[in-house]
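Given these sequences and hints, build the entire structure.
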Amino acid sequence: MPWYVELLRAIVGTILIFSGVAIIAAMFGVLLERKISGWIQSRLGPKHVGPQGLLQTIADTIKLLQKEHIVPRHADAMIFATAVLVVPLAALLDYVVIPFGVTRWGPLIFRDLNIGVLYFAATSSLVVVGILMAGWGSNNKYALLGGLRSASQMVSYEIPMGLALITIAMLAGSLSTVKIVDAQAHWWYVVEQPVTFLIFIIAATAEVNRVPFDLVEAESELVAGYFSEYTGMRFALFQLGEYGEMFAMAAMAVTLFLGGWRGPVLPPVLWFIIKLYALIFVFMWVRWTYPRFRIDQLLNFSWKILIPVALLNLVVTAFFVMVVHR
Amino acid sequence: MTGEVIAFYALAAVLLLSGVVVVASPNIVHSAVALIPAFLGVTGIYILLNAEFLAGVQVLIYAGAITVLILFVIMLTEGGTGLRLRQRNEQGPIGVVVAVLMAALLITGVMHTAWSRAAGALPAYTPGAIGQSFLGPNLLVFEGTSIVLLVSLVGAIIIARKEE
Numbered sequence: 112m113p114w115y116v117e118l119l120r121a122i123v124g125t126i127l128i129f130s131g132v133a134i135i136a137a138m139f140g141v142l143l144e145r146k147i148s149g150w151i152q153s154r155l156g157p158k159h160v161g162p163q164g165l166l167q168t169i170a171d172t173i174k175l176l177q178k179e180h181i182v183p184r185h186a187d188a189m190i191f192a193t194a195v196l197v198v199p200l201a202a203l204l205d206y207v208v209i210p211f212g213v214t215r216w217g218p219l220i221f222r223d224l225n226i227g228v229l230y231f232a233a234t235s236s237l238v239v240v241g242i243l244m245a246g247w248g249s250n251n252k253y254a255l256l257g258g259l260r261s262a263s264q265m266v267s268y269e270i271p272m273g274l275a276l277i278t279i280a281m282l283a284g285s286l287s288t289v290k291i292v293d294a295q296a297h298w299w300y301v302v303e304q305p306v307t308f309l310i311f312i313i314a315a316t317a318e319v320n321r322v323p324f325d326l327v328e329a330e331s332e333l334v335a336g337y338f339s340e341y342t343g344m345r346f347a348l349f350q351l352g353e354y355g356e357m358f359a360m361a362a363m364a365v366t367l368f369l370g371g372w373r374g375p376v377l378p379p380v381l382w383f384i385i386k387l388y389a390l391i392f393v394f395m396w397v398r399w400t401y402p403r404f405r406i407d408q409l410l411n412f413s414w415k416i417l418i419p420v421a422l423l424n425l426v427v428t429a430f431f432v433m434v435v436h437r
Numbered sequence: 010m011t012g013e014v015i016a017f018y019a020l021a022a023v024l025l026l027s028g029v030v031v032v033a034s035p036n037i038v039h040s041a042v043a044l045i046p047a048f049l050g051v052t053g054i055y056i057l058l059n060a061e062f063l064a065g066v067q068v069l070i071y072a073g074a075i076t077v078l079i080l081f082v083i084m085l086t087e088g089g090t091g092l093r094l095r096q097r098n099e100q101g102p103i104g105v106v107v108a109v110l111m112a113a114l115l116i117t118g119v120m121h122t123a124w125s126r127a128a129g130a131l132p133a134y135t136p137g138a139i140g141q142s143f144l145g146p147n148l149l150v151f152e153g154t155s156i157v158l159l160v161s162l163v164g165a166i167i168i169a170r171k172e173e
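For the protein sequence lines, the chains are X and P, in the order given.
In terms of my numbering, the first sequence is residues 112 to 437.
In terms of my numbering, the second sequence is residues 10 to 173.
In short, the hints are calculated from the structure, not lab data.
The beta carbon of each residue, even a glycine, is placed where N, CA and C say it ideally should be.
Possibly wrong hints are sitting among the right ones.
These stretches of chain P come out as covered by chain X in the derived footprint (C-beta under 8 Å, 3 or more residues) [stated by the list, open to error]:
| no. | stretch |
| --- | --- |
| 1 | 24-33 |
| 2 | 66-73 |
| 3 | 103-115 |
| 4 | 134-140 |
Given below as structure tokens:
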């Protein structure tokens with residue numbers, strides 16, 4: 112295939128991923144979050160714009176598009192502006208290796224990379240850079256503290272997440288996401304590896320900075336954390352990155368543990384979406400159920416509990432893979 | 010010109026430009042942030058060389074972890090801003106001379122090496138082959154590196170810990 116066709120495909124793919132994430136993850140995700148939080152707190156949630164408040168996020172997006180861009184006086188303008196691009200970009204890159212379903216012509220995936228799982232870990236680790244840049248570039252002490260907290264948190268939770276990914280890759284004998292889904296033809300890995308699933312979900316919640324791990328943007332201490340100084344569409348892009356990352360983590364959990372697109376009767380893509388939204392619902396349910404951790408509890412939990420358990424789990428799994436499968 | 014050549018020159022341009030910013034920027038945080046496009050440029054070159062696994066590791070470790078560590082250290086040690094750190098000194102001319110000599114050495118080295126194209130075929134699944142090589146022929150190097158890392162880890166903890 113000539114290279115310019117390849118380039119064109121990449122551009123079309125980018126547009127597809129961006130609009131998909133913007134509409135399905137960010138806009139619909141925000142609405143879902145508000146509806147579910149309302150339901151959990153015995154409220155109604157957004158109700159006035161459109162039928163049952165369905166158009167509320169669209170109205171919010173139009174409002175954000177019209178708002179003024181404000182750059183604080185002593186902010187580092189270049190870093191302040193680039194940080195906005197890094198966070199959503201890192202989230203969008205995650206979607207390249209996620210298999211959404213299967214058709215007659217093969218799995219529905221942008222690129223079935225040989226190193227799929229490693230690629231996912233690598234791109235999702237880039238989010239921290241954007242957050243640190245935003246925190247430092249704003250020239251605001253709350254933003255900087257939020258950025259630093261996020262760096263320590265995300266670097267700590269990347270390790271248990273990586274260990275969980277390795278455990279699954281070892282079981283499936285491949286780093287390719289399509290092969291991992293194929294390896295779950297008999298039973299899902301959540302049955303075989305419940306501990307790994309739990310570690311992955313906890314680490315994923317921490318990686319996307321959601322309650323109970325949302326110290327990065329703890330309102331009562333840090334205003335809004337690293338994006339305190341951002342307005343209008345720049346703020347919206349951070350939200351897009353955050354929700355995009357959350358959906359990517361849920362999609363990865365579906366791929367690794369819940370058998371991806373596999374399921375009876377219904378078409379594969381539909382199964383994928385059902386599992387994805389079930390996990391998203393769990394994330395939101397947790398958010399409105401548990402209070403926030405303290406920063407020392409958070410880091411101790413990762414280094415003293417999650418990492419040892421994940422390491423032990425990895426060794427035990429390696430032993431069983433050696434004994435049983437070979 | 011093929012796409013591969015265009016991609017190589019584009020990546021090389023990104024790499025060189027961000028490299029110059031890393032060295033020349035008066036602001037230490039700008040230098041640290043400019044490391045990221047430099048590392049990503051190297052990643053692109055690895056991909057051009059079909060070394061996918063190495064490319065993934067490059068992003069995960071260098072762009073995702075080492076840069077974050079550097080930024081973190083700057084922000085923790087220099088009152089959060091890093092703006093008071095002096096980034097230049099009087100030894101610029103000497104530095105330029107050393108850099109030019111180094112470049113001349115490298116260019117002659119590259120020109121005089123016979124690059125063999127018959128190094129063998131690539132295995133279909135490189136991560137597996139890399140793992141086999143680490144735990145097979147290169148076991149001693151692999152274990153030696155892990156000991157060095159462990160020692161530096163323990164050392165860092167001892168330095169960071171307050172004496173009681």
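inquiry  = To test your reading of the hints: which numbers does this structure violate?
reply    = 1 and 3
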